[in-house]
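From first to last, the protein sequence lines are chains G and Y.
For the first sequence, my numbering puts the final residue at 135, and the numbers step up evenly by one.
For the second sequence, my numbering puts the final residue at 195, and the numbers step up evenly by one.
Derived from the structure by calculation, the hints contain no laboratory data.
Don't be surprised by glycine CBs; every beta carbon is placed ideally from N, CA and C.
Heads up, a few of these hints could be off.
As the list claims (entries may be wrong) - Which residues of chain Y face chain G? A few of them, derived with a C-beta cut under 8 Å, are:
id	residue
1	Cys-72
2	Pro-168
3	Arg-190
As the list claims (entries may be wrong) - Distance condition first, Cα-Cα at most 25 Å in a straight line; then the derived SDA-like pairs of lysine to any residue:
id	chain 1	residue 1	chain 2	residue 2
4	Y	Lys-97	G	Pro-114
5	Y	Lys-55	Y	Phe-31
6	Y	Lys-109	G	Trp-51
Stated by the list, open to error - If you want the footprint, here are the derived chain Y segments under chain G, 3+ residues with CB under 8 Å:
id	region
7	108-117
8	148-158
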Amino acid sequence: MATTACFVIVGKNDSPIYESEVGSGPRKDEAAHLHQFVLHASMDIVQDVVWTTQNMYLKVVDKFGDLFVSTYVTAGQAKLMLLHDLKSEDGIKNFFQEVHELYIKILLNPLYVPGSKITSPQFDARVRMLAKKYL
Amino acid sequence: MLGVARGRAHLVNVVDRPLPKGKTEVNLSAFAFLFSELVQYFQTKVNNVNELERKLEEAGYGVGLRVLELLCHREKANRRETRLLGILTFIHSTVWKALFGKQADSLEKATTEEDEYMISEKELLVNRFISVPKDMGQFNCGAYVAGIVKGVLDSAGFPARVTAHFVPIEGQLRPRTTILIKFSPEVMLREQRMG
Chain G
1 MATTACFVIV GKNDSPIYES EVGSGPRKDE AAHLHQFVLH ASMDIVQDVV WTTQNMYLKV
61 VDKFGDLFVS TYVTAGQAKL MLLHDLKSED GIKNFFQEVH ELYIKILLNP LYVPGSKITS
121 PQFDARVRML AKKYL
Chain Y
1 MLGVARGRAH LVNVVDRPLP KGKTEVNLSA FAFLFSELVQ YFQTKVNNVN ELERKLEEAG
61 YGVGLRVLEL LCHREKANRR ETRLLGILTF IHSTVWKALF GKQADSLEKA TTEEDEYMIS
121 EKELLVNRFI SVPKDMGQFN CGAYVAGIVK GVLDSAGFPA RVTAHFVPIE GQLRPRTTIL
181 IKFSPEVMLR EQRMG
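Excised from the complex, chain Y in its bound form (with noise of 0.2 Å):
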């Protein structure tokens, strides 16, 4: 048995409680130290650094389907997005606001994919601590944060590949992370569709 406060506000039913507002935040150190014990965690459930970052993307995905309902309920007055621009604004600003406290550092479009579009931050949150040893390669903690968007994409309708990336800057130590988003067919036909 979990050792459950037993206060009043334990028993009102969730349906009752008011929705958060969004305006408490949580101590980095003690996100930092859970997010540590999740990566650990699924570190001892798989057996190489591709299923790692599955699972970490996984987690992520539930947190961005929930993300993308509360915050168009509760930030747009009850508007879907229906564009892929919209949709990609959304989550550059509205999303990362609510989750990092920031707007994301840049959102661009690939040069040479028309449905690619990447998310860059310099020092994303959860890879802040986080420093990848040589012999697991490209992993990329960000994974979460990709799971993440693409949660958000995936139920609002927009389903996409998105993976995290680490890409050098010059005259900087550490690599900036980089959210690459490649969307499906069906996403871009309906787009130009739409004119």
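Bound conformation, chain G alone (with noise of 0.2 Å):
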């Protein structure tokens, strides 16, 4: 069970599409700004890192003392990026593949606009409730 963990989607071109904090650890407002950091910077490791394989799942991809960068990049170009501070691959690999799953049923509605922010609160609800089950 990762202690604290935090949860983006970004659309093809950059734009954020989702983001959320899962998991379970207690929150300090520091941090928060921190995590933001720390994705944001690894973002450039995924775009070289991506065109070496055919996976979406590529695995932790960056670290910054104690947390860990896992990247999920689906057909599309879109990542999903998980901060966590708890190595549990198989868990964050069954978490990526369900929300990968989720997105695309969001993906399909014809009234989202593709790369625009997700604001269904279904889909949050689904995000944070696999985040239970898988981290």
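From these two lone chains plus the hints, build me the complex, please.
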């Protein structure tokens, strides 16, 4: 069980699509900024790694202190990024795969503009549920 | 207010419904009718043939990026395409099969240019019931399909210019439709680097 984790989905043009704080750890305000910073900093690495493999799950791409950044890139170049401090690769992989499926369902909605923020509360609830289950 | 059916299915949110399996087919007449409406609608919104083609392309673009994400998940077991030939054969076989029920007739590389590829179809589905009047010149409703192809390529990270053209074939009344794909220089550079 990861004590603290931050999850974001970044669109093809590096636009934020969705973000949430998941996990059960105590939250500090300054930590939230740090999390964002670490995630943003690892985007460049993802950009390079993405063309070296056909797998969507890129595993841990970057680390900062005791924080790890795991990434999953979909066919349409949407990046699912998770910041976590405990390693549980299988759980994270399952989490990514299920969120990917949710993302496709949202994308298939003709009224959703690709690359825009996902505002659906049902999507948010599902992601939090999956985070509880796998992380 | 639209006449929305108030069945149970309507109450379930999209995230709670399973992804479509892709086994269902749509009646061709229904599709042709809808497509003809689309073309007619755009015709009222544009001033010239070029704009009309742009509009059709834009309509196809959205289909393309959704189809890529869905098919890579459903048919390719979550593998991304990172190579040029990989994504082209994916379009030629997987995408075409899902959209038109068959593989495209041919996928060729242009003889003159390194960065140009062509997907040809003797009788493109969207063009089956369409004949273009003389005064519209080179207009081709295949622009919609070109838009789909562009959508797939763009969102997979292979930006390209995609256009649809009629190419006459000898001994046949109807010309075939060729989708011409010209990749951006950065795509070719990346391909070279990957060897």
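Quick rundown of the hints versus the structure:
Among the interface hints, the one on Cys-72 of chain Y holds; its C-beta lies about 3 Å from the nearest C-beta in chain G, closer than the 8 Å criterion. Using the Cβ-Cβ criterion of 8 Å, the hint placing Pro-168 of chain Y at the interface with chain G is not satisfied: the shortest such distance is roughly 36 Å. The criterion of a C-beta within 8 Å of any C-beta in chain G is met by Arg-190 of chain Y, whose closest approach is roughly 7 Å, and the hint holds. Among the hinted pairs, Lys-97 of chain Y with Pro-114 of chain G is consistent with the structure: their alpha-carbon atoms are about 24 Å apart, no more than 25 Å.
Taking the CA atoms of Lys-55 of chain Y and Phe-31 of chain Y, the gap is near 18 Å; set against the 25 Å cutoff, the hint holds. A hinted pair counts as satisfied when its Cα atoms are at most 25 Å apart, and Lys-109 of chain Y with Trp-51 of chain G qualifies at roughly 23 Å. Under the rule that three or more residues need a Cβ within less than 8 Å of chain G, the assignment of the region 108-117 of chain Y is violated, with 0 such residues. With 3 residues bearing a CB less than 8 Å from a CB of chain G, the region 148-158 of chain Y meets the requirement of three and the coverage assertion stands.
Of the hints listed earlier, those the structure fails to meet are numbers 2 and 7, in rising order.
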